[in-house]
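Colleague: Line by line, the protein sequences give chains A and B.
Here the first sequence is numbered in my numbering, starting from 424 and rising by one per residue.
Here the second sequence is numbered in my numbering, starting from 2 and rising by one per residue.
Errors might be hidden in some of the hints.
Coverage of chain A stretches by chain B, computed from C-beta distances (three or more under 8 Å per stretch; other residues unrestricted) [said to hold, decoys possible]:
{"hint": "1", "stretch": "512–525"}
{"hint": "2", "stretch": "528–542"}
{"hint": "3", "stretch": "613–625"}
{"hint": "4", "stretch": "735–746"}
{"hint": "5", "stretch": "756–762"}
Rather than coming from a laboratory, the hints here were simulated on the basis of the structure.
Source: prediction; values computed, not measured.
Using N, Cα and C, we set each Cβ at its ideal position, and we do this for glycine too.
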Amino acid sequence: MQSRARTVLAGIAASAVIAGATVTGAFAQSPYEGEDVTLIIPNSPAGLMSQYAHTLAPHIAENLGARNVRVVNHQGGGGLKGSNILWESDPDGMTFAMTNVPTLLVAQLAESPGVQFNATDFTYLGRVQADPRLMFTGKPSGLKTIEDVRNLDRPFVFASQGTDEDFYTMVVLADALGYDLKIVTGYEGDADTSLAVIRGDADGHMTTWTQSAPAVEAGDKYAVLATTFERYEGAPDVPTALEIIEDPKQKENMQAISSILVLGRGFFGPPDMDPEATEALRAAIEKTLTDPEVLKEMKEKGLPVSFNSADAQKENVDRVFANGKNLTPMFKEAVTKIQ
Amino acid sequence: MLDAAWAGLVALGTPTAIFFTVVGIVYGIVIGLLPGLGGIVAMALLLPFTWGMDFAAAMSLLIGAHIATIWGSSATSILFRVPGAAKSVALIFDGYPMTQRGEASRALGASAMAAVLGGVYGAIFLAISIPITRPVMMALGPAEYLMLALWGLTIIATFSEGSLLKGMTAACLGVLTAFIGMDVVTATPRFTFDSVTLMDGISFPVAMIGLFAVSEMMKLMIKGGTLIERTVTEENSSVWQGVRDACSHWGLVIRSSLLGLWIGVLPGIGQSVGSIATYAQALRTSKHPETFGKGNVEGVIAPDASLGANEGGGLLPTLALGIPGGEGMAILLIAFIGLGVVPGPQMLTHNLDLVYTLVWVVAIASIVTGIFAILLTPILARVPTLNPNVIVPLVLAVCVVGAYSDRQEVSDVIVAGVFGVLGYIMDKYRYSRANFVIGMVLALLIERNLHISVSLYGDWFIFQRPVALGMLFLIIFTTAWPFYKNWKRDKELKKVAQAEHGSAS
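All chains, please: the whole structure from these sequences, using the hints.
Modeller: Given below as structure tokens:
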């Protein structure tokens with residue numbers, strides 16, 4: 424009996440020591456020490472976004488001192504569902520998200536149904552990557568340069584999946600460069616629009632350079648325009664839209680679109696996130712995305728990284744909403760045309 | 002070319018490649034058996050493990066797992082009416098009636114062998130078809146996809162036994178269900194009632210789990226008995242019978258494989274549409290179309306052969322044009338890049354041995370999956386004969402997990418329950434659930450491609466697209482032919498009856 428009592432007392436004492444140590448440690452360490460953090464991905468578990476998240480999550484957890492960064496997919500509504508969930512989540516820093524930020528901004532600017540957030544109020548945590556979108560034309564169209572597109576004596580047929588950022592970018596481009604546009608929506612993914620262009624059903628579409636490089640090298644497609652601020656290093660001969668557009672108002676619209684597209688895939692948290700947690704999370708993300716070992720691993724996996732700081736991300740979002748207000752009527756008119 | 006084919010095979014002879022083929026297949030069968038988790042999820046989960054592997058081992062693991070999920074998901078469709086993945090839905094139509102007749106082993110054997118033959122034919126066609134992929138892809142566009150979907154629609158009449166009106170009502174209900182969510186063309190919300198959850202529509206596998214499996218369990222709870230018919234005391238078929246069925250219907254297997262291969266080639270047509278179109282083809286070319294939907298083994302062989310060949314088809318545009326044929330192939334494309342292999346036309350000139358490695362992987366993985374399937378069939382075929390006290394909680398638990406795992410949403414479990422009630426009512430009042438499925442699968446494909454065709458070629462697009470026009474004539478002919486044959490037979494029978502009546506009087 425005495426021996427059993429001794430065992431129980433020893434157990435209680437040990438527990439007290441461990442608990443005490445934990446409490447003391449907690450005061451001294453980051454808010455994430457030993458915590459489980461949730462990373463929401465508003466996209467498919469099989470998609471590229473999830474591949475990025477699963478590869479980066481353990482590194483972020485390590486840099487945060489967290490026990491685990493758990494990836495949870497909330498796909499649906501073109502990324503809106505997961506973003507709405509994040510908007511409503513507790514701002515204690517234990518939940519953050521990663522997605523294609525331009526999709527959110529464009530949805531809000533176009534006043535799409537289903538948007539329950541204000542993108543300017545999200546807590547931005549850092550950009551992972553931005554793969555520039557380029558405009559490509561197909562060989563059967565005979566359009567090799569953007570000047571050919573501008574001189575076309577019929578509407579330029581653009582293949583699109585739906586009312587995504589490519590759709591709206593093309594609306595702004597056609598308005599700024601002065602060519603007639605016919606958008607055919609309903610294609611299922613980049614592969615489908617690419618095939619439509621190669622087959623000659625449509626004149627052009629928008630994708631990343633990486634996705635179209637094999638077709639360009641095979642002579643099936645031509646890269647005619649970049650939507651970036653500077654010429655894309657992978658295709659230095661392709662002019663940017665901003666180089667060509669002369670009208671200051673149109674240039675302003677294009678700058679707003681380019682600012683949206685440059686946001687790329689990024690991390691963000693709910694509004695008014697706990698300042699201490701925000702600081703720790705931004706530092707951990709920056710450390711992860713600038714770590715040479717992580718960058719090497721990502722490159723080997725075909726997941727390129729082009730980090731941009733949270734401040735730059737936030738600056739871009741604010742610029743978009745300051746300059747992009749006149750885009751809303753243009754976007755709404757374009758949607759009405761296809762309905 | 003032969004050197005490249007040999008080099009491709011040798012690369013797969015290493016112990017590592019053999020080990021990962023087996024690991025991939027076992028894993029794929031398990032994933033396939035779990036409803037809601039299909040080949041794409043299987044590949045996505047394995048992808049991170051392939052970094053640093055050599056090309057042959059990585060492809061053995063990924064493609065092996067993807068191929069194995071086909072039989073796994075077909076098995077649950079046949080045994081419990083629970084499609085493991087959306088693409089296996091056509092297996093329900095005849096596979097489950099075979100189980101009810103006590104022929105689960107035969108159905109599973111036929112399914113496994115058809116998938117093996119489909120996979121091997123798919124691999125052979127893949128090797129042969131590489132040079133003609135491009136012209137075929139260039140010839141087929143939205144108008145032709147539309148015709149393919151219309152062909153699938155023609156089987157509605159088959160499942161409308163008793164009342165065509167009820168059959169059409171069920172199909173319309175399926176179409177309306179598919180329309181819930183964002184419109185695929187204009188992104189306008191339809192039937193969403195401002196619910197963000199509904200904006201993404203009703204998940205097809207979840208609806209199928211409810212409509213078939215949950216409703217069947219409800220029926221079993223209410224009526225009692227076992228899944229197999231009361232008159233059948235035990236499993237009365239063998240797996241070898243099914244294997245022989247698949248081999249003896251070699252013509253059907255080749256036709257279905259070719260269809261599956263080309264459906265895999267074309268981005269924009271899902272495998273679920275493909276399996277229904279293949280089912281329609283089997284029905285239209287069968288000598289016994291009247292037994293379809295009642296346990297005709299041809300209705301099991303055709304979709305599985307098509308799904309087996311689909312793998313090879315999906316690889317073709319990836320290799321010939323660098324365009325992934327489907328979501329699964331998009332994951333494979335990521336794996337290619339991760340392994341330092343640049344996909345696209347240059348693979349045919351610079352890396353032909355790797356192309357043949359892929360051809361061999363498809364063929365070998367299909368065969369090994371078939372062997373595993375044949376070994377597992379006797380065990381799995383016994384499950385439907387179990388007491389309802391065991392089977393109802395077992396299947397319902399699998400249904401709940403399956404419905405949840407599809408999108409990790411509790412709301413999907415509720416949706417499965419709602420569709421369970423709907424399925425029970427439809428079954429009780431004889432509204433065809435198969436027609437509901439056909440309507441739901443084909444609705445968006447028809448809407449999407451009709452819209453694109455009209456936008457691109459105008460209202461009379463059919464006369465501008467010769468291939469589509471040819472397909473339309475084929476649809477009219479294959480649909481009208483059985484009616485013509487019946488009319489002719491009735492006419493002859495009348496003549497004989499009149500002649501007999503005349504001679505008697």
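Colleague: Compare the structure with each hint and give your call.
Modeller: Verification of the hints:
Counting residues of the stretch 512–525 of chain A whose beta carbon lies closer than 8 Å to any beta carbon of chain B gives 0, which falls below the threshold of three, so the coverage claim is violated. Coverage of a stretch by a chain is defined here by at least three residues with a beta carbon nearer than 8 Å to that chain's beta carbons; for the stretch 528–542 of chain A and chain B the count is 4, and the condition holds. Here's how the stretch 613–625 of chain A fares: 9 of its residues keep a CB closer than 8 Å to some CB of chain B, so the rule of at least three is met and the hint holds. Note: the stretch 735–746 of chain A has 0 residues with beta-carbon separation from chain B under 8 Å; the three-residue rule is not met and the coverage is violated.
Coverage of the stretch 756–762 of chain A by chain B holds. Counting CB-CB distances below 8 Å, 3 residues qualify, and the rule asks for three or more.
In this structure, the earlier hints numbered 1 and 4 are contradicted, and the remaining ones agree with it.
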